[in-house]
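Asker: Starting from the given sequences, assemble the full structure and let the hints guide the process.
If you read the protein sequences in the order shown, they are chains A and B. Its first residue numbered 1, the first sequence is counted upward by one per residue in the working numbering. Its first residue numbered 1, the second sequence is counted upward by one per residue in the working numbering.
In case anyone wonders, no lab produced these hints; they're calculated from the structure. The beta-carbon is built from N, C-alpha and C at its ideal position, and this holds for glycine as well. This list has only true hints and no planted wrong ones.
With beta-carbon atoms standing in for the labels, derived distance ranges: (1) A:S62 to B:N97: 19 to 29 angstroms; (2) B:P14 to A:G16: 49 to 59 angstroms; (3) A:T76 to B:S69: 36 to 46 angstroms; (4) B:G16 to A:K14: 45 to 55 angstroms; (5) B:S82 to A:I12: 25 to 35 angstroms; (6) B:A68 to A:S66: 39 to 49 angstroms; (7) A:Q50 to B:K42: 20 to 30 angstroms; (8) A:S5 to B:D55: 27 to 37 angstroms.
Okay, here's what each chain looks like letter by letter:
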Amino acid sequence: DTGVSQDPRHKITKRGQNVTFRCDPISEHNRLYWYRQTLGQGPEFLTYFQNEAQLEKSRLLSDRFSAERPKGSFSTLEIQRTEQGDSAMYLCASSLESGRTGELFFGEGSRLTVL
Amino acid sequence: QKEVEQNSGPLSVPEGAIASLNCTYSDRGSQSFFWYRQYSGKSPELIMSIYSNGDKEDGRFTAQLNKASQYVSLLIRDSQPSDSATYLCAVFSGGYNKLIFGAGTRLAVHP
Numbered sequence: 001d002t003g004v005s006q007d008p009r010h011k012i013t014k015r016g017q018n019v020t021f022r023c024d025p026i027s028e029h030n031r032l033y034w035y036r037q038t039l040g041q042g043p044e045f046l047t048y049f050q051n052e053a054q055l056e057k058s059r060l061l062s063d064r065f066s067a068e069r070p071k072g073s074f075s076t077l078e079i080q081r082t083e084q085g086d087s088a089m090y091l092c093a094s095s096l097e098s099g100r101t102g103e104l105f106f107g108e109g110s111r112l113t114v115l
Numbered sequence: 001q002k003e004v005e006q007n008s009g010p011l012s013v014p015e016g017a018i019a020s021l022n023c024t025y026s027d028r029g030s031q032s033f034f035w036y037r038q039y040s041g042k043s044p045e046l047i048m049s050i051y052s053n054g055d056k057e058d059g060r061f062t063a064q065l066n067k068a069s070q071y072v073s074l075l076i077r078d079s080q081p082s083d084s085a086t087y088l089c090a091v092f093s094g095g096y097n098k099l100i101f102g103a104g105t106r107l108a109v110h111p
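Answerer: What follows is the structure, given as structure tokens:
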């Protein structure tokens, strides 16, 4: 399978715990995005990488959230001291730099439930 | 004002009819516009992109763009029950350097 893969697909955690999600983009894609989606809403932009550089970060992203893409390949999204409001689907997407901006390929998502 | 607005629906149409989905956006500098389809419990998938004013057709789908009115629409001809999904309008905002999604319109096609 050469699509975007995310792990884990589901995560249940207790409030206050830290969680980390991993995303492996399509191999030749150098742009990687993280979005968050809650029920009945569209995906909400969190952050964006071009290769290993984090070029954009949402003002909505608190300092409890951090994302990395150390070698320009896979990426991790960590949420520290989780809160119940963090419960959502976390979506990763990738695209080609040379492609039309906005043509994103999404992974299946990582669903987070904070108890 | 939300950056990308859509009617949440549900929009219910009979099989074989034309479904019309609409979207407005606030950033006049936006250059790229997209429609994504999202089935329940699945992730979004790109179905149409449009970059210039006018119509763009792809099979049963037609995207329409009017930059002066800041309006994007998607027409689905000969709607099928398999088209039942949430349709997300997305706009690439050059000013914000990111793809912004609307909340989506839920379409239900009944036999």
